[in-house]
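2 protein chains.
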Amino acid sequence: MAELFKALTVEEARLAFVGYLPVKKQAETVPLLESLGCRLAAEVRAAEDVPGFDRSTVDGYAVRARDTYGATEGLPAYVDICGEVLMGQAPIGKIGTGQAWRIATGGMLPGGADAVVMVEYTEVLDESVIGITRPVAPGENVVRRGEDISTDEVALPAGHRVRPQDLGMLSSIGISRVEVVSPCKVGIISSGDELVEPSEFPSPGKVRDINSYTLAGAVTACGGKPYMYGIIRDEYNEFKNTLERALEENDLILLSGGSSVGTRDVAARVLESIGQPGILFHGLSIKPGKPAIGAFVKNRPVFGLPGHPTSAMVVFDLMVAPLIRSGEYTNSEKDSLIEYPLLAEITRNLHSAAGREDFIRVRLVTRDGRLFADPVLGKSGLINTMVKADGLAHIPAGKEGVEAGELLRVKLI
Amino acid sequence: MAELFKALTVEEARLAFVGYLPVKKQAETVPLLESLGCRLAAEVRAAEDVPGFDRSTVDGYAVRARDTYGATEGLPAYVDICGEVLMGQAPIGKIGTGQAWRIATGGMLPGGADAVVMVEYTEVLDESVIGITRPVAPGENVVRRGEDISTDEVALPAGHRVRPQDLGMLSSIGISRVEVVSPCKVGIISSGDELVEPSEFPSPGKVRDINSYTLAGAVTACGGKPYMYGIIRDEYNEFKNTLERALEENDLILLSGGSSVGTRDVAARVLESIGQPGILFHGLSIKPGKPAIGAFVKNRPVFGLPGHPTSAMVVFDLMVAPLIRSGEYTNSEKDSLIEYPLLAEITRNLHSAAGREDFIRVRLVTRDGRLFADPVLGKSGLINTMVKADGLAHIPAGKEGVEAGELLRVKLI
Numbered sequence: 001m002a003e004l005f006k007a008l009t010v011e012e013a014r015l016a017f018v019g020y021l022p023v024k025k026q027a028e029t030v031p032l033l034e035s036l037g038c039r040l041a042a043e044v045r046a047a048e049d050v051p052g053f054d055r056s057t058v059d060g061y062a063v064r065a066r067d068t069y070g071a072t073e074g075l076p077a078y079v080d081i082c083g084e085v086l087m088g089q090a091p092i093g094k095i096g097t098g099q100a101w102r103i104a105t106g107g108m109l110p111g112g113a114d115a116v117v118m119v120e121y122t123e124v125l126d127e128s129v130i131g132i133t134r135p136v137a138p139g140e141n142v143v144r145r146g147e148d149i150s151t152d153e154v155a156l157p158a159g160h161r162v163r164p165q166d167l168g169m170l171s172s173i174g175i176s177r178v179e180v181v182s183p184c185k186v187g188i189i190s191s192g193d194e195l196v197e198p199s200e201f202p203s204p205g206k207v208r209d210i211n212s213y214t215l216a217g218a219v220t221a222c223g224g225k226p227y228m229y230g231i232i233r234d235e236y237n238e239f240k241n242t243l244e245r246a247l248e249e250n251d252l253i254l255l256s257g258g259s260s261v262g263t264r265d266v267a268a269r270v271l272e273s274i275g276q277p278g279i280l281f282h283g284l285s286i287k288p289g290k291p292a293i294g295a296f297v298k299n300r301p302v303f304g305l306p307g308h309p310t311s312a313m314v315v316f317d318l319m320v321a322p323l324i325r326s327g328e329y330t331n332s333e334k335d336s337l338i339e340y341p342l343l344a345e346i347t348r349n350l351h352s353a354a355g356r357e358d359f360i361r362v363r364l365v366t367r368d369g370r371l372f373a374d375p376v377l378g379k380s381g382l383i384n385t386m387v388k389a390d391g392l393a394h395i396p397a398g399k400e401g402v403e404a405g406e407l408l409r410v411k412l413i
Numbered sequence: 001m002a003e004l005f006k007a008l009t010v011e012e013a014r015l016a017f018v019g020y021l022p023v024k025k026q027a028e029t030v031p032l033l034e035s036l037g038c039r040l041a042a043e044v045r046a047a048e049d050v051p052g053f054d055r056s057t058v059d060g061y062a063v064r065a066r067d068t069y070g071a072t073e074g075l076p077a078y079v080d081i082c083g084e085v086l087m088g089q090a091p092i093g094k095i096g097t098g099q100a101w102r103i104a105t106g107g108m109l110p111g112g113a114d115a116v117v118m119v120e121y122t123e124v125l126d127e128s129v130i131g132i133t134r135p136v137a138p139g140e141n142v143v144r145r146g147e148d149i150s151t152d153e154v155a156l157p158a159g160h161r162v163r164p165q166d167l168g169m170l171s172s173i174g175i176s177r178v179e180v181v182s183p184c185k186v187g188i189i190s191s192g193d194e195l196v197e198p199s200e201f202p203s204p205g206k207v208r209d210i211n212s213y214t215l216a217g218a219v220t221a222c223g224g225k226p227y228m229y230g231i232i233r234d235e236y237n238e239f240k241n242t243l244e245r246a247l248e249e250n251d252l253i254l255l256s257g258g259s260s261v262g263t264r265d266v267a268a269r270v271l272e273s274i275g276q277p278g279i280l281f282h283g284l285s286i287k288p289g290k291p292a293i294g295a296f297v298k299n300r301p302v303f304g305l306p307g308h309p310t311s312a313m314v315v316f317d318l319m320v321a322p323l324i325r326s327g328e329y330t331n332s333e334k335d336s337l338i339e340y341p342l343l344a345e346i347t348r349n350l351h352s353a354a355g356r357e358d359f360i361r362v363r364l365v366t367r368d369g370r371l372f373a374d375p376v377l378g379k380s381g382l383i384n385t386m387v388k389a390d391g392l393a394h395i396p397a398g399k400e401g402v403e404a405g406e407l408l409r410v411k412l413i
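Just so you know, the sequences run in chain order A and B. Each residue of the first sequence is one higher than the one before, counting from 1 in the working numbering. Each residue of the second sequence is one higher than the one before, counting from 1 in the working numbering.
Since the hints were derived computationally from the structure, they do not count as laboratory data. Careful: at least some of the hints might be erroneous.
As the list claims (entries may be wrong) - Covered stretches of chain B, as calculated for chain A (at least 3 residues, CB under 8 Å):
(1) 155–168
(2) 186–197
(3) 331–337
To be verified - Derived pair list, reagent style DSBU-like, types lysine-lysine, alpha-carbon separation capped at 30 Å:
(4) A:Lys411 x B:Lys399
(5) B:Lys379 x A:Lys334
(6) B:Lys225 x A:Lys411
(7) B:Lys388 x A:Lys25
(8) B:Lys411 x A:Lys411
(9) A:Lys240 x A:Lys388
(10) A:Lys379 x B:Lys290
(11) B:Lys94 x B:Lys290
(12) A:Lys287 x A:Lys185
(13) B:Lys399 x B:Lys290
(14) A:Lys185 x B:Lys185
(15) A:Lys25 x A:Lys379
(16) A:Lys6 x A:Lys290
As the list claims (entries may be wrong) - In silico negatives: residues of chain B with every beta carbon more than 10 Å from chain A:
(17) Glu12
(18) Gly52
(19) Arg55
(20) Ala104
(21) Lys206
(22) Thr220
(23) Leu364
(24) Glu403
(25) Glu406
No residue lacks a Cβ here, since even glycine has one placed at the ideal position from N, Cα and C.
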């Protein structure tokens, strides 16, 4: 079956999906704190100014700036203390010429004041008079009304992923419930006659299912919700029925598990028969990860992931994670730099075929402030190689191998 | 109050805590998938070999390696096909000299076989005989029993943070429930007479609480569980009672919210009176984030975070996040490289006082494969500067400012 298809580059495989994206997801409204990590379903605008009044950013004295012009340590500007701003209260009264009010950080400026002198630049003459030893400009040490965000301004755009500081922004404009894109529901179907659940003891010839659990973790880590459909046999009807049920209940499906040609054949046959356009790629020019299948059936993406744990995870990162995170593939240079943020010196010569992207499991080691990527040796069928690795180093398609000492980009895993 | 203390470096502040760490946390047993992101409470050892038998890593023919020695395309080694390995079943029978069994990836090797010939290096003569065109060595294309992990080997060490691939490892050795360190319970007490909840409309002089929500998000993002104690007034007894309750119910406490000298004074007075050793640092030589308090009372760390949103987050990252993640501070070069993984060219000259660490809010921009960090201008009291930023760039204490074009390390925020 695989032989009918030519292995595609990652870019070609992503292009094959473009007409069918973004992945359809639902929206829901959640309490503020639960929106962390979710994407906003719609832009959020401020309905009011924040702050709602001019605020001091220091502890000191609210003044009219012009009363301080020319002040020096030798010749301070003297002003009368006429009041004190209480935190959380609107000051009653106005500041006149030559007057000042005590004010703490965050306090509301009294009417007539347009700047705050830091307490460090004042000297107390007596209870009612201070000398100012340094002039302030209008607006100095003040956050003006609406300076953080003003009425009708977009606080956060649609699609934005909510970070901790965004919770603070939403709180500041009075949003205590947030409309977010629901986490991508990902059905995971495990198939392979040799697989058993982790709670079972494998009889000879059988092994416990590794990939479904690794993948469920990866789905969660990129903000999706995994739903496990258990282990099914390599049998056409059982496979088809389970897949149809999973397609109804999820936004995206992963076929995981078995490594045998039997598993792969059943998966491919079902994907070709179940709906249009069916299989979009079969084979990727990456290592590890070549025997991957991508399909679009019944309005949902379905990925058949390779049986080897490392291969499954590499294909997941390249083809599945972006769809769970944002519903589509992006081609942004910034995103790819951020995805592989570390630059590390590879510690061995490595071979890589031209036209193929390679992903090398590495341990990260530091010495004298330099970062080294030490390849983890071992078959990609062994989960322990992924457990021992800190990261994946990327060899781009254009390179035929790398030499020890070359810098590679690394993502943490 | 603050004037009595000398601002400490981050390293000095961490050292002040060393005798009181690690933070005490509970342990609990959770289902496999829920252990993602948690730390293991104890090491996990394999109780059996994985795989439990020699497995093929390719589709092909199980053979005795010595029967293939000397085989070439011109002069293949001919062997009799005597059986087929069914996936998930133990083959019945043994391979004799000059014999082969069909086997798929993941299949169990029959007795007597010690290698697998890939199907690509065979030619079918008739139904019962194949020619092998390339020799295999013993063990070639085979994962040996116990090669992934063997009985009594440590699969994962105590304290290890469970990643997706670790779920796969745990599944492979039959662990369906995992003993983990419970997420750090973090009580967040918000104080400040000027603060109201996000659901309230702030009257003049009042603003909605920003920091408690930003911090709750940051706690969650590093694996802790935030518990909000609401907003209390700047009043000694109310503060003390709430803090005592929070200390009983949590592993670590954050005092957040108000920016005024009144809030800071009440916090400091309560922390000095409530238990020994009390305040360990008051003031950090960082910018932003100087007016921070660290204390240890009733066997728990308590941090008073600055009122400005950016300052609060910087202090959280440096002093609180490591304790939530691992219960203590580490001094590892690797950890700090990983925490600030990106290297970016700063786009402006920036001043920094010697002996002070600076953290600059930056937008990340790429151009021709180069990464630039563009400082976000604006007061650290504005939450919008954190919302507009992609990251924080770090200027180490040893540097007096940086020039445009210099490379700085950046963490994503």
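Please name the hints from earlier in the document that this structure breaks, with their numbers sorted from lowest to highest. Violated hints (numbers, rising): 9, 10, 11, 15, 18, 19, 20, 21, 22 and 23; every other hint is consistent with the structure.
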